[in-house]
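Here the protein sequences come in this chain order: S and P.
Read in order, the letters of the first sequence correspond to residues 12 to 122 in my numbering.
Read in order, the letters of the second sequence correspond to residues 698 to 812 in my numbering.
One should not assume that every hint holds.
[Stated by the list, open to error] Beta-carbon label-pair distances, calculated as ranges:
hint, chain 1, residue 1, chain 2, residue 2, range
1, P, Leu-753, S, Asn-88, 40 to 48 angstroms
2, P, Ala-702, S, Asn-70, 43 to 51 angstroms
3, S, Arg-74, P, Glu-761, 21 to 29 angstroms
4, P, Gln-707, S, Thr-25, 18 to 26 angstroms
5, P, Gln-707, S, Pro-19, 25 to 33 angstroms
6, P, Glu-705, S, Asp-41, 33 to 41 angstroms
7, P, Val-780, S, Arg-68, 35 to 43 angstroms
8, S, Gln-28, P, Pro-776, 46 to 54 angstroms
Source of the hints: derived by calculation from the structure; they are not laboratory data.
Note that beta-carbon positions come from the ideal geometry of N, C-alpha and C, so glycine has one too.
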Amino acid sequence: DAGVTQSPTHLIKTRGQQVTLRCSPKSGHDTVSWYQQALGQGPQFIFQYYEEEERQRGNFPDRFSGHQFPNYSSELNVNALLLGDSALYLCASSLMVDTQYFGPGTRLTVL
Amino acid sequence: AQSVAQPEDQVNVAEGNPLTVKCTYSVSGNPYLFWYVQYPNRGLQFLLKYITGDNLVKGSYGFEAEFNKSQTSFHLKKPSALVSDSALYFCAVRGSGGGSYIPTFGRGTSLIVHP
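Produce the complete structure using the sequences and hints provided.
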């Protein structure tokens with residue numbers, strides 16, 4: 012039984028560019044949440060998707076957007092990248108509001 | 698608003714000794730509490746959770762945590778530490794109702810187990 016998977020593992024972009032990160036949830040899970048983890052910090056909640064709709068959103072600007080597909084997989088898009096967007100981006104999946112299980116993350120570096 | 702405090706940035710313990718990683722929380726209503734572990738350049742791995750019931754919760758890899766409602770604490774413990782337990786540990790809390798089911802994480806505590 013595959014756990015949560017994310018792609019790519021690492022990504023390097025320059026300021027102003029756009030990036031798309033992908034996540035496949037654990038089998039049987041229908042809810043996907045995205046987090047940003049800066050160096051030395053705990054994960055900060057970006058948003059959560061359920062039934063292909065954004066159900067809840069954290070304190071992140073509109074440059075951060077997402078999507079959930081019918082197979083429950085999800086994408087995180089970030090536009091107009093800033094140096095401060097450099098972080099580990101974590102995807103977590105759950106069955107509705109049950110315990111969240113995390114993927115390995117995507118390390119984004121903005122130069 | 699809900700919050701988590703992990704008062705120690707780093708905990709050092711000798712292999713074979715008991716370990717404790719501290720966590721206190723603030724949340725409206727009954728808490729759901731979680732511990733996760735993160736190894737370098739990896740995602741968070743679920744260890745254990747408290748929802749209701751027995752205040753002592755047992756989890757993966759010999760870890761356990763004790764829920765103390767009066768002290769609003771949920772400390773992580775292990776009777777005998779291993780060098781391989783060295784990692785970053787995160788405590789998280791969320792409320793049991795009210796519309797928000799998103800956990801809030803602490804800043805993390807680095808556990809270093811010395812041989």
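The hints, checked one at a time:
Checked against the given bound of 40 to 48 angstroms, the beta carbons of Leu-753/P and Asn-88/S, roughly 43 angstroms apart, stay inside it. The beta-carbon spacing between Ala-702/P and Asn-70/S, approximately 19 angstroms, falls outside the hinted interval of 43 to 51 angstroms. In this structure, Arg-74/S and Glu-761/P break the distance hint of 21 to 29 angstroms, their C-beta atoms being roughly 42 angstroms apart. For the pair Gln-707/P and Thr-25/S, the supplied restraint of 18 to 26 angstroms is violated, since their beta-carbon distance comes to about 35 angstroms.
At about 31 angstroms, the beta-carbon gap between Gln-707/P and Pro-19/S stays in the expected band of 25 to 33 angstroms. Separated by about 36 angstroms at the C-beta atoms, Glu-705/P and Asp-41/S satisfy the suggested range of 33 to 41 angstroms. Take Val-780/P and Arg-68/S: their Cβ atoms lie about 41 angstroms apart, and the range 35 to 43 angstroms holds. At roughly 50 angstroms, the beta carbons of Gln-28/S and Pro-776/P sit within the given window of 46 to 54 angstroms.
Hint compliance for this structure: hints 2, 3 and 4 are broken, all remaining hints hold.
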